[in-house]
Amino acid sequence: MKCYLVPCVAGFIAFNENLDIVDYELFPRKSIISKLLEYEKGLLSEEEKIIKRLLKDYGKISIESAYKWKYGKFKGVILESPNIGGEYLRENLREILKEIGFIEDGEFREFIYEIHKGITLKKLEESLKEQDKLIIQAVNALDDLDDSLGRFVERIREWYSIYFPELDSVKDHEHYVKLIVEHPKREDIIKSKNMPRQSIGAELEEDDIEIIMEFAKAVRSLQLLRRSIEKYIESKMGYLAPNLQDVAGTTLGAKLIAHAGSLKKLAFSPASTIQVMGAEKALFRHLRRGSKPPKHGLIYQHPLVRGSNRRIRGKIARTLASKISIAAKKDLFTGEHDPNIKEDLYKRVDMIKRETPKKKKR
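Heads up: the sequence shown at position 245 corresponds to 245 in this note's numbering, and the numbers run straight through without jumps.
Derived from the structure by calculation, the hints contain no laboratory data.
Don't take every hint at face value.
What the hints assert, rightly or not - With a straight-line Cα cutoff of 16 Å, these simulated EDC-like cross-link-like pairs (lysine to aspartate or glutamate) come out: (1) Lys60 x Glu17; (2) Lys185 x Glu154; (3) Lys30 x Glu46; (4) Lys30 x Glu110.
Stated by the list, open to error - For each label pair, taking beta carbons as the anchor points, the in silico distance ranges come out as: (5) Ser291 x Asp207: 52 to 60 Å; (6) Asp143 x Pro339: 23 to 31 Å; (7) Gly249 x Ile21: 35 to 43 Å; (8) Arg306 x Glu355: 18 to 26 Å; (9) Lys60 x Ala141: 50 to 58 Å; (10) Ile100 x Leu134: 42 to 50 Å; (11) Ala66 x Leu287: 52 to 60 Å; (12) Thr120 x Glu230: 17 to 25 Å; (13) Lys217 x Arg354: 48 to 56 Å; (14) Thr120 x Tyr300: 35 to 43 Å; (15) Ile200 x Pro339: 21 to 29 Å; (16) Gly150 x Leu79: 52 to 60 Å.
Every value quoted in this text rests on a predicted model; they were computed, and no experiment measured them.
Quick reminder that beta carbons are idealized off the backbone N, C-alpha and C, glycines included.
Can you build the whole structure from these sequences, using the hints too?
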């Protein structure tokens, strides 16, 4: 004899060849969404129980599934997708769920809607977690690169200045490295930049210049890699957190996510926590020794805070933290860009500046 075992939103239902219900194993109502998501990853306990029961009475069990690897230990199980049991269940799902007592009259439509909504939100949450992890790793990689580049640029400047000290007048590190990579010989730089024709630097052998150039090329490649990672973070932030990106900026927004641990954790953090996020050591000193509490942490990097008068910096930091909290919540729950958050931030900052009297000159 043969029977048909079909998975559905309620659990697993088995039919005989006449399409009569012969057995079923249902999910607990509170666990339906998690069970449906787990079904794709492995054999569920409910499915294993019903298969073992059915094998006692039926020589063959036709299971409507694409996951062949789950059923290797069961003799008599065959996979057919679709099978006639599955087609029958889909055509009569409402009536069958009522027949086995899983739903009441008038409950079906809302039940199916809630299940689909729950699965969609759960999958979206899982997707966001992965995006969070990618952003966090990229931000950490950027920090590591900045640390390394700081040391490497200092080294290349000291090294190359033995040969061409006049180039120290170029303050931009990236431009400095690019110049010496593109023009290994100082004479070429002098010609291209109209610099003093005679350098007071030492005369170096070809192999000396060559090794400096190799190091400079390595530093330049790291500078270009840093740019690529910045663009990558910008793209990811635009997808994951457009409002946070708009309000805090790409790099600061990404650093806040990394510091909080995820967008979700950032969204549920109070504005007061966001304000001092990254200044935990200073906060600890305040709590332990009674020193002044920090007015801001990572958000000091924002132009509105960094560029403001010291007397109103705390107020602006509080305002920014509040808007960052709103932006993170908007990103988490809707994902839709709302330009009003940034507009409100700038209006509030302007108001703070107008309300603060100018300091009288002594």
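Hints, one by one, checked against the model:
no.: 1; hint: Lys60 x Glu17; result: holds (11 Å)
no.: 2; hint: Lys185 x Glu154; result: violated (20 Å)
no.: 3; hint: Lys30 x Glu46; result: holds (15 Å)
no.: 4; hint: Lys30 x Glu110; result: holds (15 Å)
no.: 5; hint: Ser291 x Asp207: 52 to 60 Å; result: holds (55 Å)
no.: 6; hint: Asp143 x Pro339: 23 to 31 Å; result: holds (30 Å)
no.: 7; hint: Gly249 x Ile21: 35 to 43 Å; result: violated (60 Å)
no.: 8; hint: Arg306 x Glu355: 18 to 26 Å; result: holds (20 Å)
no.: 9; hint: Lys60 x Ala141: 50 to 58 Å; result: holds (54 Å)
no.: 10; hint: Ile100 x Leu134: 42 to 50 Å; result: holds (44 Å)
no.: 11; hint: Ala66 x Leu287: 52 to 60 Å; result: holds (57 Å)
no.: 12; hint: Thr120 x Glu230: 17 to 25 Å; result: violated (32 Å)
no.: 13; hint: Lys217 x Arg354: 48 to 56 Å; result: holds (52 Å)
no.: 14; hint: Thr120 x Tyr300: 35 to 43 Å; result: holds (39 Å)
no.: 15; hint: Ile200 x Pro339: 21 to 29 Å; result: violated (55 Å)
no.: 16; hint: Gly150 x Leu79: 52 to 60 Å; result: holds (59 Å)
Checked against the numbered hints given earlier, the structure breaks hints 2, 7, 12 and 15 and satisfies all the rest.
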